[in-house]
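Chemist: Letter by letter, the chains look like this.
Number of protein chains: 2
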Amino acid sequence: MNEHQTRLEEVIAKLRANGHRLTPQRMAVLKVLVRDREHLNVEQIYEHVKADFPMTSLATIYKTVNVLKEMGEVMELGFHDDCARFDGNPCPHPHLICINCKKIMDIDIDDLDELPREVARRKGYQIISHRFEFYGICPRCQETSN
Amino acid sequence: MNEHQTRLEEVIAKLRANGHRLTPQRMAVLKVLVRDREHLNVEQIYEHVKADFPMTSLATIYKTVNVLKEMGEVMELGFHDDCARFDGNPCPHPHLICINCKKIMDIDIDDLDELPREVARRKGYQIISHRFEFYGICPRCQETSN
DNA sequence: TTACTAGAGGAAAATGATTATCTATTAGTA
DNA sequence: TACTAATAGATAATCATTTTCCTCTAGTAA
Ligand SMILES: [Mn+2]
Ligand SMILES: [Mn+2]
Ligand SMILES: [Zn+2]
Ligand SMILES: [Zn+2]
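Protein chains in written order, with our numbering: chain Z, 1 to 146; chain D, 1001 to 1146.
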C-alpha cells in the first residue's frame, strides 16, 4: 500500500528544492496522487482533501496540481469529453479506460518502449513523450448492462 | 488531392439518411475535414468556412462538428492543454504531434492492430477504440530553435 | 522562541472554450 | 410551388479552469 512512499518523499524534497512549501493541503494531494497512485480528477482530489481539511478551496487543488505538473511530477490525462485527470506517475505508460464508469487503470504492455525511438528515427522528430490509451467497457460495467 | 472524395460522398449520404441536411456551410466543413483530412480545431475550421461564407457563426461549426461526431464520421483529438482538434478519419490511427507548432500528422505503424485484442483478452475489457499519440518537436521547429 | 517574509490558502471574480436558446431562414420533399 | 422540420446566426448561459486579492503560515534565521 505504501509502495510509493519513497517517491512521495522525493517529490516533497523536490518541492522544497524549487522554493515551494509543503502545506497540509499539499501533503493530502500528494498522498492521493503520488503515494496511492489513483487517476483522479480535480473534484475527486478535492473530496479527498476536504475529508481532512474541510475549509480547503477548489482553487487550491488546481494550484497544487499545476505546480506538480510544472515540476514534471504529475501528468495530466483524459480527453475533451471529460474533465482532466491526474496521474502521480509522470513517466509515459499505457492506460486502460472504461468509457462507462470512467475508471482509469495502468496496464503493462511489452515492446512499446521501442516505438517512440522508431518514430523519431523515421520522421526526424525529437520525441518527448507519448500516450497509449485503450477505451472500452470494464468487466463490471459489462455485467451491469445485461 | 481529392483522394478522399468517395468518403466525402459517403458521409453526405449518411447525413441525409439520418435526417440531416447538407447546407453550404456544412459542405465547407466536410471538405476541409473529410476530404482534405486536416487536423484542425474549431477556430481553424471556422476560418476556412468564413472564406466562402463570411456570415458563418462559430456556433454553426460547433454544431456541425458535433453532428458528425455523433454519427461517428469524425473523431475528436487533442488534450487538455489545447482546444479540441477534429479528424475526418474516425478509425483509430496513430498520430505524431509537434508540441511547438501544434501540427498533427498521421503516421503508419505496423503491428498495432493486435494490441487492442491482446488487451481485451488479458483484462476482460470490451475494447471500443484506442489512441496512440507521440509528442515531440518536428524537424522544422528543431531548426528554428537553433 | 520569536520575528520575518515569500509562498500558499481561501473566496470570489474573470476567462475561455463549448453548449444552449431563440427566431428567421432554407434544404429537401411532395 | 408550398410545406415543414432542420439549420443558421446571434447571443446568452454553462462549466472547467485560472486569476486576483488579501490574509495567513511554513520555513528559516536571529
Ligand atoms: Mn497511470
Ligand atoms: Mn489523423
Ligand atoms: Zn466500467
Ligand atoms: Zn513543429
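Since the hints were made in silico from the structure, they are not lab data. Worth double-checking, as some hints may not be accurate.
[Said to hold, decoys possible] Below, a list of computed lysine-lysine pairs in the DSSO-like style, where the Cα atoms sit at most 27 angstroms apart:
no., chain 1, residue 1, chain 2, residue 2
1, D, Lys1014, Z, Lys102
2, Z, Lys102, D, Lys1123
3, Z, Lys63, D, Lys1014
4, D, Lys1123, Z, Lys123
5, D, Lys1069, D, Lys1014
6, Z, Lys14, Z, Lys50
7, Z, Lys102, D, Lys1069
8, Z, Lys123, D, Lys1063
9, D, Lys1123, Z, Lys103
10, Z, Lys63, Z, Lys102
11, Z, Lys69, Z, Lys14
[Said to hold, decoys possible] Counterexamples of contact, computed for chain Z against chain D with all Cβ distances above 12 angstroms:
no., residue
12, Glu3
13, Glu9
14, Glu10
15, Asn18
16, Pro24
17, Lys31
18, Glu43
19, Tyr46
20, Lys69
21, His130
Ideal Cβ positions, reconstructed from N, Cα and C, are used throughout, including at glycine.
Chemist: Indicate, hint by hint, whether the structure satisfies it.
Modeler: A quick look at each hint next to the structure:
Restraint check for lysine 1014(D) and lysine 102(Z): the C-alpha separation of about 30 angstroms exceeds 27 angstroms, so the hint is violated. A C-alpha spacing of about 16 angstroms is found between lysine 102(Z) and lysine 1123(D), which places the hinted pair at or below 27 angstroms, so the restraint holds. In summary, the hint linking lysine 63(Z) to lysine 1014(D) is not supported, as the alpha carbons are separated by about 46 angstroms, beyond the 27 angstroms threshold. Annotation: proposed proximity of lysine 1123(D) to lysine 123(Z) is violated, straight-line Cα distance about 33 angstroms (limit 27 angstroms).
In summary, the hint linking lysine 1069(D) to lysine 1014(D) is supported, as the alpha carbons are separated by about 13 angstroms, within the 27 angstroms threshold. At roughly 25 angstroms between alpha-carbon atoms, lysine 14(Z) and lysine 50(Z) fall within 27 angstroms of each other, so this suggested pair holds. Note on lysine 102(Z) and lysine 1069(D): the hinted pairing holds, with a Cα-Cα distance of about 20 angstroms set against a maximum of 27 angstroms. Taken as a hint, the lysine 123(Z) and lysine 1063(D) pair is broken in the structure, with Cα atoms around 35 angstroms apart against an allowance of 27 angstroms.
Of the supplied pair hints, the one linking lysine 1123(D) and lysine 103(Z) holds, its CA atoms being roughly 13 angstroms apart against a limit of 27 angstroms. Between lysine 63(Z) and lysine 102(Z), the direct Cα distance comes to roughly 24 angstroms. Compliance with the 27 angstroms bound is thereby established for this hinted pair. A distance of roughly 13 angstroms separates the Cα atoms of lysine 69(Z) and lysine 14(Z); the hinted pair therefore holds under the 27 angstroms criterion. With a closest Cβ-Cβ approach of about 21 angstroms to chain D, glutamate 3(Z) is found to remain outside the 12 angstroms limit, as its non-interface label requires.
The Cβ of glutamate 9(Z) lies farther than 12 angstroms from every Cβ of chain D, with a closest approach of about 28 angstroms, so its non-interface assignment holds. For glutamate 10(Z), the shortest C-beta to C-beta distance to chain D comes to about 24 angstroms, beyond the 12 angstroms cut-off, and the non-interface label holds. For asparagine 18(Z), the condition that its CB be more than 12 angstroms from all CB atoms of chain D holds, with the nearest at approximately 21 angstroms. Listed as outside the interface, proline 24(Z) is consistent with that label: its C-beta sits roughly 27 angstroms from the nearest C-beta of chain D, beyond the 12 angstroms cut-off.
Even its closest Cβ contact with chain D, about 23 angstroms, leaves lysine 31(Z) beyond 12 angstroms, as expected for a residue assigned away from the interface. With 12 angstroms as the threshold on Cβ separation, the claim that glutamate 43(Z) sits away from chain D holds: the shortest Cβ distance comes to roughly 14 angstroms. Here tyrosine 46(Z) stays apart from chain D, with its beta-carbon at least about 17 angstroms from theirs, past the 12 angstroms limit. Here lysine 69(Z) does not stay apart from chain D, with its beta-carbon only about 9 angstroms from theirs, under the 12 angstroms limit.
The Cβ of histidine 130(Z) does not lie farther than 12 angstroms from every Cβ of chain D; its closest approach is about 5 angstroms, which violates its non-interface assignment.
Of the numbered hints stated above, those contradicted by the structure are hints 1, 3, 4, 8, 20 and 21, listed in ascending order.
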